Structure formats: structure tokens, C-alpha cells
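Participant: Residue numbers (this note's numbering), protein chains in the order written: chain Z, 3 to 503; chain F, 45 to 374; chain D, 18 to 354.
Errors might be hidden in some of the hints.
Stated by the list, open to error - In the SDA-like style, the derived pairs of lysine to any residue whose C-alpha atoms are separated by at most 20 Å in a straight line are:
id, chain 1, residue 1, chain 2, residue 2
1, Z, Lys227, Z, Gly23
2, F, Lys234, F, His209
3, F, Lys250, Z, Arg332
4, Z, Lys191, Z, Val158
5, F, Lys250, Z, Asp333
6, F, Lys261, Z, Val365
7, Z, Lys84, D, Asn230
8, F, Lys234, Z, Ile376
9, F, Lys234, Z, Leu370
Hints listed in this document are in silico derivations from the structure and should not be mistaken for laboratory results.
Keep in mind it's a predicted model, so treat the numbers as computed, not measured.
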Amino acid sequence: MTTVSDTAHALRLRSVSKTFGGVKALQSVDFEVRAGEVHCLAGENGCGKSTLIKIVTGVYTPDAGGEIELFGERVGTTSPTKARALGIAVIWQDLALFPHMTVAENIAFDEMVGVAPRLAFGGRYKGRVRKVLDRLNVSLDLDTRLGDLPIAQRQVVAIARALMGDARLVFMDEPTASLTQSETDALLKVVRTLSAQGVAVVFVSHRLAEVIDISERVTVLRDGKLVGVYPTDGMTQYRLGELMTGAQLENVVRAQDRSTALPVLEVKALSRHDEFKDIDLIIRQGEVLGLTGLIGAGRSELAHALIGMNAPDKGEIRLGGSPIRLRSIRDAIARGVAYVSEDRLSLGLIQPQSIADNTVISVLDRILGAFGLISPARQSRLVRHWIEELAVKIGKPDDAVSTLSGGNQQRVVLAKWLATEPRLLILDSPTVGVDVGARAGIFRIVRRLADEGLAILLISDEVSEVMFNADRVLHMADGKIVGEYDPHATSVQDLEALIYA
Amino acid sequence: MSLRERIHAVAGAETLPLLIFLGIVFLAFSLATPLFLTGANLRSMAFQMPVLGLLTLAMLVPILSGGLNLAIIYQANISGLALAWTLIQFGGPDAGIGAFILGVTLAVLAGALSGAVMGAVVAYVGAHPILVSLAMMIFLRGLGEFLTRGGDISGFPEFVNILGHGSIAGIPVPMIIFILAAIVWHIMLKRTRHGFSVYMVGSNIKASEYSGIHTRKTLVTIYAISGVICAIAGIVMAARFNSVRVGHGEALLLVTVLACFLGGIDPFGGFGRVLPVAVALIILQALSSGLNLIGANQHLSTAVWGLFLIGVMALRWVGLRWRSRQRKGT
Amino acid sequence: MRDLFRIYPVEARLSVVLFLMILGLSLATDTFLTLGNITSLLNNNAVNLIWAVGLLVVLIAGGIDISFAVAASVVQYVAAQIFMGIGGGSWAIGFLVAAALGIGLGMVNALLIHGFRVISIVITIATFNAFFGLLMFFTKGRNIYNLPDWWTDRIFIFERQAPDGSWSELNLSVAVMIACVLATWALIRLTTLGRQLYAFGDNPEGARRSGVNIWQMQIVAFGWCGMMAGIGGLMQVNIAQEIVPNALYGRELDVLAAVVLGGARLGGGRGTVVGCVLGVMFVAITQNGLNLLGISPFAFQMIIGATILVAISSSNLSFKLWNRSRDTEARLKENTT
């Protein structure tokens, strides 16, 4: 390994700006990464994080006037291939890997690009692929198709691919977004291994706890401007959230006692092979029941059983006192159960279609007029009602839903489900991809719905989210409910300690 | 709302440019030959277009749902065969109206059944619609050849002729059938639950399922209805050619896809309307009839159709770039 | 062996089915496993295989080509004009001319697809109509019999007389087919271009971000498919001894069905030469077997169609992947416009 002094810089940006057709995505931002450092880049969606990464990796050209220095050298323009030659690698959130190709082919892929066409025998690069995996201290079957691997291992493949090109500066864009806690821990270990070998890592993550845990310093951006660079020693999640949003966050336990209200959902000894076992729970009118635990604990699987996507093997589900057996999500809607999926991009909304159509999709029966045909007047009345009710910020109802921000998209999802007039609302990780600032708005709606008598199951792996927004909190682990907590009687830290233990 | 926006809202953004193209084509041929803008030519166009038109409607909805139905021609001919067989059983030229109604029923059933089978394989196995409909195409073509030994079946009663060659109030009967079908298609797509589901399934089938759409039922229905309209096309074809033959209309298969793309149907599914496709069909027919009138070989129109689609794609690309440049400028 | 089923499930399954079919036909008939039958199977399917491997490359790269069969007809016609113009020619010139013309037509597709950012099915249906219409316009649908002798003379690369006096032989097209199959295998398995083609078909946006030249990919895929179309067209004339302008019309869908049956994924990223050969041979042997079993030729197509339908229904041939493939194509569209 090359030895580097503490002050040597892998990357230095000085007053770099980027304008898109009059919109300033970055305004004279300074950014420094020391060699071998794990540095975090934090900020809300649209703060300029990805623009910054794309400038460094040569996807975008910055406006004139800024300076970029890589490993002590001034660089003018870069291109993706040039950036790679300089030792910069990006691990994109969607990984940019090839699911039908093998692990070895994926890791060695960059060697196939940017050169004159030539022969490429499988055996020639396999040895080096193995060496890279050894360096990361992981073992993978080189001939497995990437698509057959779990997401966590695909992350490792992406990192190995970056190292194959002798990267000295690695950008990781939300690498832990879809990992379980133990997978995240394993990944963070790999990141530390890299850093120990002198590779600088720039880490972008929404999970503030993780940011503080892994990185030495954090650079905060807001609205394309630099807020500041802070050491993570002594930094709290709360303070970091405030820096990112520029606003005071209200973290108050709002739990109320609803134990006298009528039960809406009663689940008894519900089991499904390999997913969850002997689940007992009750949600009452007006109650928000929090369900937390590590990813993979069976939370989403339980939700799928409650909405008829998967049939449970054993046990009973009662809704409003009578036992029900749901065969499809249509059954669930008819019975008054609504489900906000954790995957808003591909399951929650039909992104290219209009806001109006996405709002009415689950209540087509209600917009039928004469001859059983869809009545445009009824449709627009219903859409208008919900847009006002949930204060969704939109241009026209006919605009594609993909044009909205994460927070507003989530409001459309809520509108879609509230239009079905549910008795029970299941929220599965409702703030994934929603800015810290917009989250409060979503939870204000949730609280209001509960006050109107809706029973709500709030699933989240962010402990603070359930602690501050639920009336009771259940802890799920390995498919079982292992504990129940009153938010007034425990603290976020205690519960986190229990869960991650 | 400006007039342009209002037209866009009612007819879709594709219609206006296509109408302009239609105007240009009509103007050009009217100048080229005095025979073009005559009642006789327009009537003959109105007799020729409906078969292609009905088959295009059969292709349209599968494409909207993100698939394709390559079996339409043979679904149409197998349905025509069902009708012809029934008529022959009841005495051929002497068959009565009752036999005809029975035959039409059987034809529609044949079309719907073959479509439903494809829909079921697509919906429940998850196989790619191109592959499924290709296999169905090979099967139905083989079935037709097996039943007819590659020959023609003819000898229909006199009244069947009206379907292919008659007129009501000066409008050719096939055209009336096509216009009715197009209106039904428009209403089905824009105003029914099924139509709504077609667009949603075409954009994202999994999210549709999660939103409570019965996606499998939707897929089976899409292909079954496609089969029904194929059967109607098959009946009209039988009446127009006065015979049924497995190979009738083979050359139209990919022309229907071409007409859909020309009419602005998104090849990925999820977006498109009936009206611009109807305008596209009139353009294709006008090109073909006009070229025929100025004495060009009939095959030239096939080439012109292909070149026309390329031209329209090129213009759409130019338009898109122009618009995005304008947006950047502001 | 288990690895084979895991990595190439379609190919492995298809080869088992094919083996069982061959076994069954060998036992049921005494004519199937004869030199004469096997050589004629190869002779009759050489041209289809040449086209199939060409189409395979386009499918791997995430595209589809509807126009290749009529492109082959165009190549035949134009090549015939050129040979007449230069007063004869030879096999060497023939291959050069046919390949060059085929590549040229493939380039037209690539240029339109890349230039106007339109997906391949739209463009190739347009060029399918344009090629065919223009060909029929210029030939007026007439056959051409007046061809140079070298082109129509039979050349056998293998001959043998059985004890009963019947001849079995392999003609030149089989040798050309083998060369094309090997060349395609080398292209997609052994070169950096091949790796890039798979990657581009698998995840176009990922490939673009890795620095893959998208334009180059379209040129290679459609150029290769066009070249195979041209060479296949050249060999088809050698077999048919005449040029019939509309003879190849409609063959594109039969070849497509066979290639997809062999495991090439509509949407890209997956497909092998071995699977491609298996797919074509599956259809060919089914037809051959039905023939030997004395079943009416009118029923062949029906049974083949039904067999393919059953094959896709009973296996999870393409799983639920067609949605995902559309997602990637949609992403490509977003990012290239």
C-alpha cells in the first residue's frame, strides 16, 4: 500500500458550480476528501449531492470558474473513462450491474470497455477477480448469475468491480438503502477495510445513525450550497437532521392510551412457513401501532399476509370482530384494509401515469356513472377532494406522478388508499426516499387519520420514527414478536440497543 | 385553454399532426390525379380500409398492455373458417339467416377462445406475449391448413355479400362496422374499468396488482377481446373475398403494428388512443389508393408505408428535441 | 451438471427434451437415425441456422429484428444484379458482396434506431415494409432464373453411398452454417465486444455509465445480423437455384420463435449459440419426426405450434421477466432521449 500523510487529499473542489438551464444545482461549493478517509456527503434530495458526484466522475461538466484537484493534480474536463483511469469509481444506488451476467463477468466488466475490441477469455481475469475478493475478505461463487444473489452480495460485487480498476476514491450512493442490519454491518466492515488500505470512500446515506457511525467527517449540502464540514465525533442524528433541513425538528413522543377503544384488527397465532410465527396483535380504533425490527425480521411478510398477497398457514385474522380470509388485495380493499408499500417506485405508484389515475385506481367502482362507464366529472371531483384534503402540491392532475417529489408522491399514495375508506391502514416504511423535512408532514397526516378513528399499523426500521409517531411499539425479530414498549416509558437509544443487540 | 390544448385533451397530442399529414396526402394526390378526389375512389377506399382497420384494433389493445398479438391474421381466418363451415353445413348458398347467426356465434367463440388461451398463458405463466402469440400463430396457421388442405372455401348465401359489398345510406357496410368498432374501442379504453386497467397494466403490472387491479383477468380479457374483433375482421374478410382461405390478409399482420406505431401508440405500452390510430389508417389507405391511381405498382405502397413510418419517427424526434431545447432556453 | 441447469436452465432442459425426442424417434422409426436423414436435416436447416445466429446477436443486445428475412431477399436480388454487371463473379466475390450488402442493410436499421432513438421493433417493422415493398416494386414480383453457374451449382462437402444405393451428402451451406455458428460463438463469448453486447442488452443504462459505446453496440448487433442475413440469402439461392422475391417473406417469425425457444431472452442480456442451435433443431426434428411417423404434412405446423405453446406453458421459460425487460428498455428510452 502506498503510504499517505494525513493531510494528503484524494479530492479537492474549490468553488465548483453547476447550472441547468438557469437553475443553480450547485453554487460555488468547496469539498475535500482526504486520502484513506471515509467521508460522508449529507443533504436532502435535490441538495446537489448527485450533481457533485456526477461532476467529479465526469458525467457532467462544471460551470467555468471552479477548480477540481484529484490526488494533488489539477484536472480540467473529465469523462467516465478518464475518471476511472484516474482511480475514481462510483457505486450507484441502482448498482449499474448486469443481472444476467456472472459474478466474475460483472467484476471484470470495466476491463472490456474503452479499449479496442480484442479477445477476452474467461480464465484470464478470474485470477485477478479472486484476488480482489480476497482483498475484501469475502468469498463468492464466481459463476453464479448476479441476479440470483441477494442485494447485499451485489453490493459487494459492485465494490469489487470498483477495486478491479485500482480505485483510490470510491463514491457510494445510498449503499445500505435496501440492506438488512447485519448486511449493513458486513458492508460497513468492507468499507473500513478499504479505508485501512488507503482508499478514500465518500459515503452518501439517508440513515443518519450509519453516517455518524462510519465516517470521520461529514459535509452537509442544502439547496446546492455548502452548509459546512463537521467531524462526526460528538455529532447527533438530531443535530445532523437540523443541519440538512435548516429547520428545527420536532421530536416529541405523541403516544396516547387507546386501550379502551374497540379493536379493529385482531391477529391470533398467525404463522407462515419461514416468514413469521405465532403472531398475536391487536390494533384498536384510532391507534397507531408501531412495528419495528431489523429488515428481514418478517415485518413486510406479515403485512403481505394481512392484505391477502400471501396466505398464512395457520392462525386467525379478525377484522371488526369477524374472522376473515383474504385471497387477494382486492378482498382486502373490499374489507377496508389498505396497504402503503415500502417500494413506492415500483409497487406503490404507476410512475408514468397521471396523478389523477393513480388516485382513483383502487376505487374505480366509485367513479362509475351512467351505463357503468367511468364518469370524468366524478373522477376529477374525487381527485380534487383528496389533493386538497392531503395538501398535495401538484401542477395539473394530468401530470405524470413521477414529476412529483418523494413527499408529494407519498401523499398521492395515501390519497389512493384513503379513497378506499379503509378501517385499517398499513404503512410499510412510509418515509423511504422522503426528505427529512417532508416526513413531518406525512406523520401529521397519519396522526390526524388516527384521531379520526382509523387503525394504523406503522412499520419502520427507523426506531425513532415509530417511537415518536406510534402509540405502542412492537419489536419483531426472526419472525416473532419479542417485545412491546410504551414510547413514554423507553427511549430511542434503549430500544435501538435492544434491536441491534 | 387554447384550441390546440383542447384538441389535445379530447383527441390526444398525436392527432393534430396526423390530420395535417392526412391533408397533405389528400392534397398531393388530388393535384396528381383528378381521379383521387372522386366519389368512386373514396367509396373504394372506404371498402378497402375496414379489414386492416379492424385487425389494427385487434393489435392495439395488446400493445397498450405492453404486449403484442402476432396471431391476429390466423385468428381472423380460423373464425372465418368457422363461419364458412357452418354455412356449408346448412347448404352453402342456400343457408338461411339462422345458420349465418350460428356461424357468426361460432366464429366469435373461436376468436375469443384462441385469444383467451394466449391471455391465460401470458397472465398465469408470465411468458412473453410475443413468444406466446407467435406460437399461437404457428398453431392456428397449421390448423387452418390442416382443415382446408391449403385451399379456398367458398359458396356463401347471397346476403353475406352485403356485409362485404353493400352500402347503407351511401356508406359501405364494412366501414360502418369499423366505425362502430372504433367507437366501442374508444369508449372501452377511456371510459370502462377494463380500459383503465389496460393502461395501468401496460405501464406497471406489479404496481397495478398492488393497487387492487385484477391484472390476470385484465390480460385474459385483453386477448379474448382482441380475438373477438379478429373474428369480426374474419367475417368481413370472408364477405369481401367471398371465400375463406388461411392465407388471406397475411401481409396485413405487420402493417397493423405499423399503423399502431404511426398512430402514436407507445411501443412500451401504457399510452395511446384510438382516434389517432384511425387517422393513421386513413393515411395508409390514402397512400395506397393514391399510388394505385397514379399507376404505381401495388407493392410500392408497402414501401411507402414503411418509409412514412420512418419519416414520422424522424419528425417526432425533431419535435422532441426542439421542445426540450425550448424548455432549456427558458 | 447441476451447474449447467442452474446457469443455462433453458438450454439444459431443451437438450434433455431433444435427446428424448431423438431417442424416441430412433426407436419408433428405422429411418430417423440414418445418415441420409441426418444429412438432409442439416441441409434443410443450414440457412435457418445462419439467420438464427444473426438474430441471436440482436436479441442479446436487447433488440429485435423483423426485417432480416426480407433483407436477405434484397441482398439476393441486388447481388444478382451485381454479378450480372461484372459478368459472373465467383464464390469469393459472392461472399464479399452478400456480406457487404447485408451489413449495409443492417446499418440502415442501426442508424435509424440510434439516430431517432426509436426502439428496434418499430424501426425494423418499418424497414421490413420498405425493403419488401421496394424489392417487389423493382422486381415486379418476377423470379430470376438467369444466375451465374457458380452460384447455382451444387457443391458437396461430403458424399457417401449407402449399401442400398442411395446417396447421402452434405452441401456447401452446411459448411458455411458451421463457420457462421462458430464465428458468432467467438464474437459473443471470446471478445470484449461480445461481453459488451450482453451487458448492453442486460442493463443499457448501466452499460452506458460504464462507458460502453451504445452506437457501436447497435452497429455490431444489426451489422452482424445483416451480414448473416446476406450470407444466408446467398446460400438459399444455392439451394433453391432461383431467386423468388417473396420466398423468404414470413420466415422471420419462424426463426424468431426458434431462437427464443432456445433461451434467448426477448429484452436482451441472455442467449447462447448452443441454445439457438437447439431451438432450430427442436423445430426441425419435430417436423422431421412427424414426417417419418407418416403424419399428414398439413398437420405439421399445427403440431409444432401446439408443442411450442405447451413448452412455454409447462416451463417457466421466461418467468416473470418480460416486465423487467420492459423496464430496462424503458430506462434506455428515458436516458437516450
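Participant: Can you list which hints this structure breaks, lowest number first?
Facilitator: Number 2 - this is the single hint that the structure violates.
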